[in-house]
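Residue-level listing of the chains:
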Amino acid sequence: MIQFSNYDIISNLLYATQWTILLSIAAFIGGTSVALLLTAARLTRNNVVQKCVHFYVELFQGTPLLMQMFLCFFGLSMLGYEISAWGAAILSLTLFTSAFLVEIWRGCIDTLPKGQWEASRCLGLSFLQTLRHIILPQAIRVAVAPTVGFSVQVIKGTALASIIGFVELTKVGTMLNNATFEPFKVFALVALIYFVLCYPLSLYSKYLEKKFHVSR
Amino acid sequence: MSLVNLHQVHKYYGDHHVLKGIDLDINAGEVISIIGKSGSGKSTLLRCINGLEEYQQGGITLDGNEVTTEDIQVRRLALSVGMIFQNFNLFPHMTVGENIMLAPTIVLKKSKAEAADIAKAMLEKVGLAEKFDSYPEKLSGGQQQRVAIARALAMSPKVLLCDEITSALDPELVGEVLKVLEQLAKEGMTLILVTHEMNFARDVGSRVVFMHKGKVWEQGDSKTLLSDPQTDELKQFIGAVL
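Same order as they appear, the protein sequences are chains S and P.
Mapping to the UniProt record's numbering: the first sequence position 104 is 104, numbers consecutive.
Mapping to the UniProt record's numbering: the second sequence position 85 is 85, numbers consecutive.
Chain S with its partners taken away, still in its complex shape:
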C-alpha cells in the first residue's frame, strides 16, 4: 500500500486547487457575461422580456445548485447531448451565478435616485445615452463590492462539481481521504485552502465598499 506523506497530500491538494480556481474563473466570466445580457434586456422596459428575466432569476435562485448540476450533467446526456463534467459544471455555475448577479445589479441600478433619470431626460438625453453616461458609471461603482463579494459564493459553489465527478479541490480531498483514512487532516486542509481563496476576496469586497461609499 502506498503511503501518503503530508507533502503528498498537500501537493495533490494544491494541484487540484488549480482546477477549482479555473472553474471559478470560468463560471464567473460566464456568469457576468450572461448577467450583463440579462441586465440589458431587463432595462429595455419591455414587459414580456422583464417577465422572462424575472422567471429566469426565480428559477435558478429557487432551486439547489446541485440539482441544476445534476440536470445539466445527467439531464443533458439523457437528451442525447454528450457533456463532460467540466462542461456541465461551467454551464450550471454560469446559470447560477448570472441569476444572482442580475438581482444584485438590479438593486444597484434601482438605488440611483429617480431624479438622475429625470434630469437626463430633461436635458434631452436618450435612454441609451442616459444609461451610458449617467446610470452605468454610477451603478458600476455601487456594484463592484457586492459582485466581488458574491464571487466567494461561486468559489464555494464549485465544490459541488465534485459530485458529478469533476476533479477539483473537494474531489481530490475525498479521494485522498479514501486513501489515507485521515479525514480530519485532509478536510481541514481542504477547508483551509478554500478559506485562503475566499478570505482575501471578502476583505477586498469590504475595502471596495468603504472606498466607494466615502467618495459618493
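In short, the hints are calculated from the structure, not lab data.
Owing to the predicted nature of the structure, the values given are computational and were not obtained by experimental measurement.
Glycine included, every Cβ here is placed at the ideal spot set by N, Cα and C.
Be aware that one or more of the hints could be misleading.
Over the 12 Å line for every Cβ pair with chain S, so calculated as not near, a few chain P residues [said to hold, decoys possible]: (1) T69; (2) K125; (3) D232.
Chain S stretches covered by chain P per the calculated footprint, using a threshold of three residues with CB under 8 Å from any CB of chain P [to be verified]: (4) 103–117; (5) 121–127; (6) 131–139.
Following the hints, position chain P against chain S.
Chain P in isolation, oriented as in the chain S frame:
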C-alpha cells in the same frame, strides 16, 4: 402667439383627479409663480409642461409644438425647456464642468472646446466660475442649485421650469439662488416657478397663479393679486404663509 399654452388639461393618478381642466397661457418673458397648498397639483402641472408626466385630456403646446410623453418628443422639448429640481439632481460622478458640458456635447453635438466655453460662460453667470473642476458633493446646496441652473441654461432654453428649487435649501442659501433667478428674469428669460417664496413672487414675478384642488383658482398680476386676493381660499393661503 403665447409660448406655452395649456387647454383644459386633465390628469389622473389612477382614480385620483389631480388636474381638473387647467387653462393657462404664458407669453415669452413672463415670470409665472405657481403657488398653492401641497397636493394642489402645482408640481404635476409643471411636470406636464415638459412631458415628465402624462396628461389624459386636453392639450399643451410649447412654442406651437404639442407636448406628449413620447421619448422623442420629450427630447425635442428639452431643447426649448429647461428644468430645475428641488433636489438639484446633479450627476455626482461628474465635475461641475462635465455636468454642464454633457448635454451640449452629446445632444447638441458641440465640440468639447465649444461646450467648455459655454459651461464657463454659464458658470460665470451664476457666479461659480471657479468651481468648474469641483465635484458637486464639495459644494453647498445653494451652489449645487446654481450649477443646476447653469446646466439647464447651457441648452439655451426658451423656458425654465423651476420646481420648488429653494425648498431643500438652508434658509441662508435661498437668497443666492433667487438672485440668479432675478437676474435671469431681468434678461427676459421666461420662468415658470412652483414656489413658496411669496416675496420673490411679488417683487420679481409678473403673474401669480394660485392653484387649489387641481384647478387654477385665481390668477393675476403678482402685486395686485397678493395684496388684494379675491377668493377666500387665496386669502386663507396668503394668511397662512405670510
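*12 Å Cβ clearance of K125 (chain P) from chain S*: The claim stands: K125 (chain P) keeps its Cβ more than 12 Å from every Cβ of chain S (closest is about 18 Å).
_Consistency of the no-contact label for D232 (chain P), given chain S and a CB cut of 12 Å_ = holds, 36 Å
*Is the nearest Cβ of chain S still more than 12 Å from the Cβ of T69 (chain P)?*
violated, 10 Å
*Test coverage of the stretch 131–139 of chain S by chain P using CB-CB distances below 8 Å; three residues minimum.*
holds (count 4)
*Coverage of the stretch 121–127 of chain S by chain P (three or more Cβ within 8 Å)*: holds (count 7)
_Three residues or more, CB to CB closer than 8 Å: is that satisfied between the stretch 103–117 of chain S and chain P?_
holds (count 3)
In terms of the numbered hints stated before, the structure departs from hint 1 and from no other.
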